[in-house]
Amino acid sequence: MDVQEATAEGAASADNGEVKRDGKKQFSMGPQDVLEGKLIYDGSVHADGRLEGEVRVTGNIDVANGAQVKALLEGSNVTLKGNVEGMVTARDKLTLGRNARLSGDIQVRRLQIDDGATLNGNVRMGDFEQQASGQ
Amino acid sequence: MTLSSRRPASRQPTAVPEEHATNGQRNSISLGPNDRLVGELYIEGDLRVSGTVEGNLEATGDIEIAGGGKVNGDVTAYNRLTVDSDASLIAGDVRVARLTVADGATFSGKVSMGKPAKKAPERTAAPAPEPIPEPVVEPVAVAVEPAPVAAAEPVAVNPAKTIRPAPNKKSFQKGKRR
Chain A
1 MDVQEATAEG AASADNGEVK RDGKKQFSMG PQDVLEGKLI YDGSVHADGR LEGEVRVTGN
61 IDVANGAQVK ALLEGSNVTL KGNVEGMVTA RDKLTLGRNA RLSGDIQVRR LQIDDGATLN
121 GNVRMGDFEQ QASGQ
Chain B
1 MTLSSRRPAS RQPTAVPEEH ATNGQRNSIS LGPNDRLVGE LYIEGDLRVS GTVEGNLEAT
61 GDIEIAGGGK VNGDVTAYNR LTVDSDASLI AGDVRVARLT VADGATFSGK VSMGKPAKKA
121 PERTAAPAPE PIPEPVVEPV AVAVEPAPVA AAEPVAVNPA KTIRPAPNKK SFQKGKRR
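Here the protein sequences line up with chains A and B, keeping their order. In case it helps, this note's numbering puts the first sequence at residues 1 to 135. In case it helps, this note's numbering puts the second sequence at residues 1 to 178.
Don't take every hint at face value.
To be verified - Straight-line C-alpha distance at most 30 Å; calculated DSBU-like pairs for lysine-lysine:
id, chain 1, residue 1, chain 2, residue 2
1, B, Lys110, A, Lys70
2, A, Lys24, A, Lys70
3, A, Lys38, B, Lys110
4, B, Lys70, B, Lys110
5, A, Lys93, A, Lys24
6, B, Lys70, A, Lys93
7, A, Lys70, A, Lys25
8, A, Lys38, B, Lys70
Unchecked claim - If the Cβ cut is set under 8 Å, some of the chain A residues that face chain B in the computed set are:
id, residue
9, Lys93
10, Arg109
11, Leu111
If you are wondering where the hints come from, they were derived from the structure by calculation, not from laboratory data. Positions of the beta carbon are idealized from the N, C-alpha and C atoms, including for glycine.
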């Protein structure tokens with residue numbers, strides 16, 4: 001089981017992630033991976049396995065089905081299919097898949113909740129106060 | 001005859017089949033695009049809102065906000081709440097068993113899903129009144145005790161609460177001694 005203690009900031013090296021062919025970086029976790037800490041990343045994150053702490057990215061975040069996340073999440077498009085505990089900010093759109101379970105407040109511009117998803121928390125839609133801190 | 005027969009009929013609850021939750025014959029209300037409701041609505045059945053609602057809604061079945069419907073108020077659906085892409089729900093509290101929000105919908109509020117969410121507040125609210133009757137009873141018991149103590153203690157209601165039972169027991173013990 002990999003334990004990645006990552007605090008990547010700004011133009012982070014791609015040590016922990018992959019560089020996609022289209023040039024956009026993606027930090028990708030597998031179902032056995034564990035990430036504890038704070039990740040600020042110029043790219044997208046695919047979260048799986050166990051994730052605890054804080055993740056702020058310029059791109060998208062998607063949390064895989066079966067993943068256990070206890071973290072503050074902030075990204076452009078955030079797609080949740082696993083279990084998430086913590087505040088979620090989607091600068092564009094937040095999608096809760098049918099297997100998603102989210103406990104935490106959310107701030108979004110657009111919101112889609114599929115039938116079967118579970119949400120407990122405060123929903124705010126519209127302007128962003130905390131956007132500056134994430135970038 | 002007509003008056004006497006009308007009144008009991010109006011008092012009777014809305015005729016809802018007992019199996020309304022499972023068969024297709026649910027009681028339902030539909031508010032059209034030009035309809036408007038200001039106030040509070042409880043319905044044993046389903047509700048479809050295409051108009052404007054300002055107030056709280058509670059339905060034992062499903063609530064669907066669609067067709068440009070706008071709801072401004074708390075929403076409780078024992079089963080499912082659906083907010084379509086062209087609809088808007090600005091709520092304080094949203095209590096539902098199942099929730100579907102379409103992309104494009106306007107949605108904000110505090111969402112509680114799951115069964116315990118509904119009864120929990122009532123139970124937490126209940127203990128609050130309890131400390132009040134206790135001080136009322138105590139002065140009666142204290143009347144046997146020295147009066148000055150009774151006059152001083154009721155001001156500090158909650159802190160004295162845990163200490164109270166001891167003096168009361170003492171008073172009973174004193175009663176036995178007599």
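Going through the hints against the structure:
With a C-alpha separation of about 20 Å, the suggested pairing of B/Lys110 with A/Lys70 holds against the 30 Å cut-off. At most 30 Å may separate the alpha-carbon atoms for a hinted pair to count; A/Lys24 and A/Lys70 meet this at roughly 26 Å. Taking the CA atoms of A/Lys38 and B/Lys110, the gap is about 27 Å. The hint holds against a cut of 30 Å. Restraint check: the Cα-Cα separation between B/Lys70 and B/Lys110 comes to about 17 Å, which is no more than 30 Å; the hinted pair holds.
As the CA atoms of A/Lys93 and A/Lys24 are separated by approximately 19 Å, the hinted pair is consistent with the 30 Å bound. Taking the CA atoms of B/Lys70 and A/Lys93, the gap is near 21 Å; set against the 30 Å cutoff, the hint holds. Taking the CA atoms of A/Lys70 and A/Lys25, the gap is about 23 Å. The hint holds against a cut of 30 Å. For the suggested pair A/Lys38 and B/Lys70, the alpha carbons sit about 40 Å apart, so the restraint of at most 30 Å is broken.
Here the hint on A/Lys93 is kept, as its CB sits about 7 Å from the closest CB of chain B, short of 8 Å. Taken as an interface hint, A/Arg109 does not check out: its beta carbon lies about 11 Å from the nearest beta carbon of chain B, beyond 8 Å. The closest approach between the C-beta of A/Leu111 and any C-beta of chain B is roughly 5 Å, which is under the 8 Å cut-off, so the hint is satisfied.
In this structure, the earlier hints numbered 8 and 10 are contradicted, and the remaining ones agree with it.
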